[in-house]
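Using the sequences and the accompanying hints, generate a full structural model.
First to last, the protein sequences are chains A and B.
Reminder that position 29 of the first sequence reads as 28 in numbering that gives the first Met the number 0, one-by-one numbering, no gaps.
Reminder that position 129 of the second sequence reads as 128 in numbering that gives the first Met the number 0, one-by-one numbering, no gaps.
Please keep in mind that the hints were generated in silico from the structure rather than gathered at the bench.
Cβ coordinates follow ideal geometry from the N, Cα and C atoms, glycine included.
Keep in mind that a hint or two might mislead.
[Said to hold, decoys possible] Away from chain B, derived, C-beta distances all over 12 angstroms, residues of chain A: (1) A78; (2) P119; (3) A145; (4) A190; (5) L192.
[To be verified] SDA-like cross-link-like pairs, simulated, lysine to any residue; straight-line CA separation at most 20 angstroms: (6) K35/B with D48/A; (7) K35/A with P125/B; (8) K35/B with L20/A; (9) K35/B with E56/A; (10) K134/A with E81/A; (11) K134/A with L160/A; (12) K35/B with A9/A.
Number of protein chains: 2
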Amino acid sequence: MTEGSDDIQALVALMARLPGLGPRSARRIVLHLIRKRTGQMSELAKLLDSVAVNSRECLTCGNVTDRDECLICTDPARANGEICVVEDVADLWALERGRAFAGRYHVLGGTLSALDEIGPDDLGIPALIDRVSRKGIREVILALNATVDGQTTAHYIAEALEGTDITVTGLAQGVPIGGELDYLDDGTISAALRARRRI
Amino acid sequence: MTEGSDDIQALVALMARLPGLGPRSARRIVLHLIRKRTGQMSELAKLLDSVAVNSRECLTCGNVTDRDECLICTDPARANGEICVVEDVADLWALERGRAFAGRYHVLGGTLSALDEIGPDDLGIPALIDRVSRKGIREVILALNATVDGQTTAHYIAEALEGTDITVTGLAQGVPIGGELDYLDDGTISAALRARRRI
Numbered sequence: 000m001t002e003g004s005d006d007i008q009a010l011v012a013l014m015a016r017l018p019g020l021g022p023r024s025a026r027r028i029v030l031h032l033i034r035k036r037t038g039q040m041s042e043l044a045k046l047l048d049s050v051a052v053n054s055r056e057c058l059t060c061g062n063v064t065d066r067d068e069c070l071i072c073t074d075p076a077r078a079n080g081e082i083c084v085v086e087d088v089a090d091l092w093a094l095e096r097g098r099a100f101a102g103r104y105h106v107l108g109g110t111l112s113a114l115d116e117i118g119p120d121d122l123g124i125p126a127l128i129d130r131v132s133r134k135g136i137r138e139v140i141l142a143l144n145a146t147v148d149g150q151t152t153a154h155y156i157a158e159a160l161e162g163t164d165i166t167v168t169g170l171a172q173g174v175p176i177g178g179e180l181d182y183l184d185d186g187t188i189s190a191a192l193r194a195r196r197r198i
Numbered sequence: 000m001t002e003g004s005d006d007i008q009a010l011v012a013l014m015a016r017l018p019g020l021g022p023r024s025a026r027r028i029v030l031h032l033i034r035k036r037t038g039q040m041s042e043l044a045k046l047l048d049s050v051a052v053n054s055r056e057c058l059t060c061g062n063v064t065d066r067d068e069c070l071i072c073t074d075p076a077r078a079n080g081e082i083c084v085v086e087d088v089a090d091l092w093a094l095e096r097g098r099a100f101a102g103r104y105h106v107l108g109g110t111l112s113a114l115d116e117i118g119p120d121d122l123g124i125p126a127l128i129d130r131v132s133r134k135g136i137r138e139v140i141l142a143l144n145a146t147v148d149g150q151t152t153a154h155y156i157a158e159a160l161e162g163t164d165i166t167v168t169g170l171a172q173g174v175p176i177g178g179e180l181d182y183l184d185d186g187t188i189s190a191a192l193r194a195r196r197r198i
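Okay, structure coming up:
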């Protein structure tokens with residue numbers, strides 16, 4: 000009975016299972032919250048409950064939302080004929096933070112993986128093909144991770160869209176902004192060299 | 000409106016303010032919880048609410064508890080005449096995990112600090128002196144951090160208890176278990192040398 004009460008102990012154990020946290024950081028957070036129990040802690044409890052009850056997946060794109068269709072899918076300004084395909088919602092959020100993309104998204108929820116027995120149907124790829132061929136889409140941007148599974152998935156989708164008049168593109172590969180050549184891996188350097196541009 | 004809904008955004012912002020977390024880790028945790036919203040997330044909301052409502056400070060020692068007096072203060076087996084004085088509840092938890100101490104605690108809730116204008120009354124040191132002189136206490140162990148403020152506080156309490164028949168002790172200083180001399184600071188090495196023991 001180290002941590003004060005059964006509830007506190009259960010809370011520490013639950014917190015410690017969150018990604019990026021362990022027993023030590025969980026204890027630190029719980030103690031911090033107990034100190035702020037009338038403010039921050041109650042607020043956090045309320046928000047967690049509300050988000051747990053109200054969150055669902057956008058029926059169109061798979062984004063996290065609190066309604067049937069997410070704000071991006073219902074925003075008429077974003078119907079510009081471009082669909083950006085991402086692996087998961089974290090990637091969608093990352094792209095939105097960059098404010099570089101004005102179209103709509105499609106969240107696969109993973110990548111093809113022979114090892115984990117994840118096939119096209121598990122990722123709703125047929126639904127994606129159907130969606131992009133129905134709604135006046137001009138371009139599908141495959142913003143998948145530059146991993147083996149990500150690139151396999153990108154190739155699969157690109158092949159499935161062959162023969163349609165949809166342009167399929169992928170993110171450029173090269174030196175990250177602020178990146179130093181000395182610290183980059185060989186693969187990135189040669190990709191950046193192959194894709195070199197006139198300046 | 001990057002993160003799906005106002006509630007999700009507020010939740011990420013609140014999480015990002017927890018100690019050790021930032022916007023990136025907060026987003027990761029919130030997405031993880033949304034994926035497990037019917038299980039882990041509701042459970043976490045319930046526990047946070049329960050702990051926020053029920054937690055309070057033990058009236059005797061200042062430990063976090065869900066009753067008037069904590070389990071350690073009400074456990075007759077722990078009335079061995081020893082009181083261990085700690086800076087905060089995290090230190091008490093750390094000592095309990097070590098299972099090395101069988102007596103009771105006193106949580107100061109901080110250290111004396113001229114800079115932050117924290118004096119003996121702010122830390123309830125008069126209450127501590129009163130507590131240890133009333134209840135058949137033989138020994139007060141000052142388990143305070145080996146920082147300047149911690150050691151100042153330790154000296155203040157030791158002086159305040161001078162002239163009573165209570166033994167005042169402090170934690171031993173020396174090489175941590177598993178510690179390599181090469182990586183230790185000079186202060187620790189000379190403290191360990193001064194306190195050397197026959198083996």
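Consistency of the hints with the structure:
1. A78: holds (17 angstroms)
2. P119: For P119/A, whose nearest Cβ neighbour in chain B is about 21 angstroms away, the distance exceeds 12 angstroms, so it holds.
3. A145: At about 19 angstroms from chain B, A145/A clears the 12 angstroms cut-off, so the statement holds.
4. A190: The claim holds: A190/A sits with its nearest Cβ about 26 angstroms from chain B, beyond 12 angstroms.
5. L192: holds (31 angstroms)
6. K35/B with D48/A: holds (12 angstroms)
7. K35/A with P125/B: Status violated; Cα separation ~26 angstroms.
8. K35/B with L20/A: Cα-Cα ~16 angstroms, so holds.
9. K35/B with E56/A: holds (13 angstroms)
10. K134/A with E81/A: Measuring from Cα to Cα gives roughly 10 angstroms; hence the hint holds.
11. K134/A with L160/A: holds (14 angstroms)
12. K35/B with A9/A: At roughly 17 angstroms apart (the allowed maximum being 20 angstroms), A9/A and K35/B satisfy the hint.
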